[in-house]
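K.L.:
Residue numbers (the numbering used here), protein chains in the order written: chain F, 1 to 251; chain H, 1001 to 1218.
FYI, nobody ran anything at the bench for these hints, they're computed from the structure.
Be aware that a few hints might be false.
Straight-line alpha carbon distances no greater than 25 Å define the calculated DMTMM-like cross-link-like pairs of lysine to aspartate or glutamate that follow [stated by the list, open to error]:
#	chain 1	residue 1	chain 2	residue 2
1	F	LYS89	H	GLU1036
2	F	LYS87	H	ASP1144
3	H	LYS1195	F	ASP31
4	H	LYS1193	F	GLU61
5	H	LYS1193	F	GLU139
6	F	LYS89	H	ASP1214
7	F	LYS87	H	ASP1051
8	F	LYS74	F	ASP31
9	F	LYS34	H	GLU1207
10	F	LYS89	H	ASP1144
11	F	LYS89	H	GLU1029
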Amino acid sequence: PVIRHILFLQPAVSVGNVGQLAIDLVISTLDMTKVGYFYTNCLVPMVGNNPYATAEENSTELSINAEVYSLPSKKLVVLQIRSPFIKNKYRPFCETLLSWVKSSECARVVLLSSSHAYQRDDEQLLGTPLRYLLTPDLEKAVGGRMQELNWKEMEKVAAYPGISDTDKVLHIPGGGITKLLFTESCSKGIQMAVLLKFCSEGDNIPDAFVLVNYLNEWLQLIKSEVNPSSQWKIPSSWRLLFGNGLPPALF
Amino acid sequence: MATFFGEVVVAPSRAGLDEEEEAREETPEDREIRRELEKKRYRQRCSGEIDVLWTWKSGGCGEEPLVCSRFIVAIGKNAAAFLSSFILDSVCWEVVGVVKLWNEWCRTSSTTNVLPTDSFCLFYRLISDPTVLLCQCSCYVAEDQQFQWLEKVFGSMQKKGLQVTILSTCPVADYKTQESTLTLASPFLKALKTKEFQDQVCCPLLEQPNIVRDLPAA
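With the hints as extra help, turn the sequences into a complete structure.
P.N.:
Printed below as a string of structure tokens:
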């Protein structure tokens, strides 16, 4: 299909940081170029050297907590968020973000997220841990594709569990700003898709791979051959995720 | 726990927003505590939690900015002590400003006569070259105050070819490297620099996946 409009991809800071890890894989594999950053007081500040460095030469570019990357050939723009929200600042951030999305040429937003695995009900424990959500405006455009892919929509849960008569609401525990962004996008007429995975804290690299492959089933960012996981390039910053080497004196 | 580049872990849950907490009703005690904290935090008249008081300004905001060519900022008790021990003296440097703030971890006052064990945030100017500014910030600037600190401090300056040097310390235990930190010759220096910084850096650059956070990062 011809991509006419810009696709905006971003993570939610959520359980296991799965969305953010998946975004790291996208940026690293597609070798995306940094085109800007969000100067915001809503995220804890951090800075470091280039997390996607592949050699000495490109390792000294500074990187901060909210940066934007692009790949013009696929009309893809990606936001990476690298630190948690400062208390009470997540709402202003969402508002700013959505008004930026509306005012720029981004036709579609895809939000990668995750939700606490332990909060699943009996039915959700079976089958795929992956879910999607579409705002009404995007449902019209791509709802059919989700059916073809046999994807599962995120179930609504009873507002008061145990009482059968209540309204069903959307509940994304551990999803960070996911629910807020989604509900706001619904009311603002933004075409947004949420892709999320049920998971727990721990080594979330496999979760990130599962989520990014899920994304790829739909968007076909990379060729998914026999083993799609091997096509994604792990960034150099993922080294030492579990701490340093051991002191020899220990043995 | 798996982390990735730039992850700053503070809360028990890494989902930055705990939905249940936000939805839960505040108990009367919670409300009272929150109100008291807010009252203390927002006590400053002028513009919120942080006040930057410059000695050359007669009062309030809206006077000419300080012309600054070099700004050295020492953040944290170690860096502040370094400046006190090796750089600052009453002959060459004069106090030109102080930051007044309050948060749950520390409070600074507007006095410029401080003891090394106090929490303070002072600005000094080199008498022989008044465009050289130095800041000693031994107090902790909370997450939600860091941006304000930045805006207020840098907002008072006229940046003419400004070069900023930030001095800070981190525990060796936080340093991520292939070998164990036990065998590292510490203390050691690492640097981060912007593209625009053209001078020679006196030590190696900070390798991934190490990061800097809080006020030095801001």
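K.L.:
Now look at each hint and say whether the structure bears it out.
P.N.:
Hints, one by one, checked against the model:
The suggested pairing of F:LYS89 with H:GLU1036 holds, with an alpha-carbon distance near 20 Å, which does not exceed 25 Å. The hinted pair formed by F:LYS87 and H:ASP1144 meets the criterion: a straight-line CA distance of about 7 Å does not exceed 25 Å. Under the criterion of a C-alpha separation no larger than 25 Å, the hint pairing H:LYS1195 with F:ASP31 is consistent with the structure, at around 20 Å. Proximity of H:LYS1193 to F:GLU61 is assessed by CA-CA distance (about 8 Å); at most 25 Å being required, the pair is judged to hold.
Between H:LYS1193 and F:GLU139, the direct Cα distance comes to roughly 46 Å. Violation of the 25 Å bound is thereby established for this hinted pair. About 16 Å separates the Cα atoms of F:LYS89 and H:ASP1214, which keeps this hinted pair within 25 Å; it holds. A threshold of 25 Å between alpha carbons decides the hint, and for F:LYS87 with H:ASP1051 the separation of about 21 Å falls inside it, so the pair holds. Taking the CA atoms of F:LYS74 and F:ASP31, the gap is about 12 Å. The hint holds against a cut of 25 Å.
At roughly 19 Å between alpha-carbon atoms, F:LYS34 and H:GLU1207 fall within 25 Å of each other, so this suggested pair holds. Only pairs whose Cα atoms come within 25 Å are accepted, and F:LYS89 paired with H:ASP1144 is accepted, the gap being roughly 9 Å. For the suggested pair F:LYS89 and H:GLU1029, the alpha carbons sit about 23 Å apart, so the restraint of at most 25 Å is met.
In terms of the numbered hints stated before, the structure departs from hint 5 and from no other.
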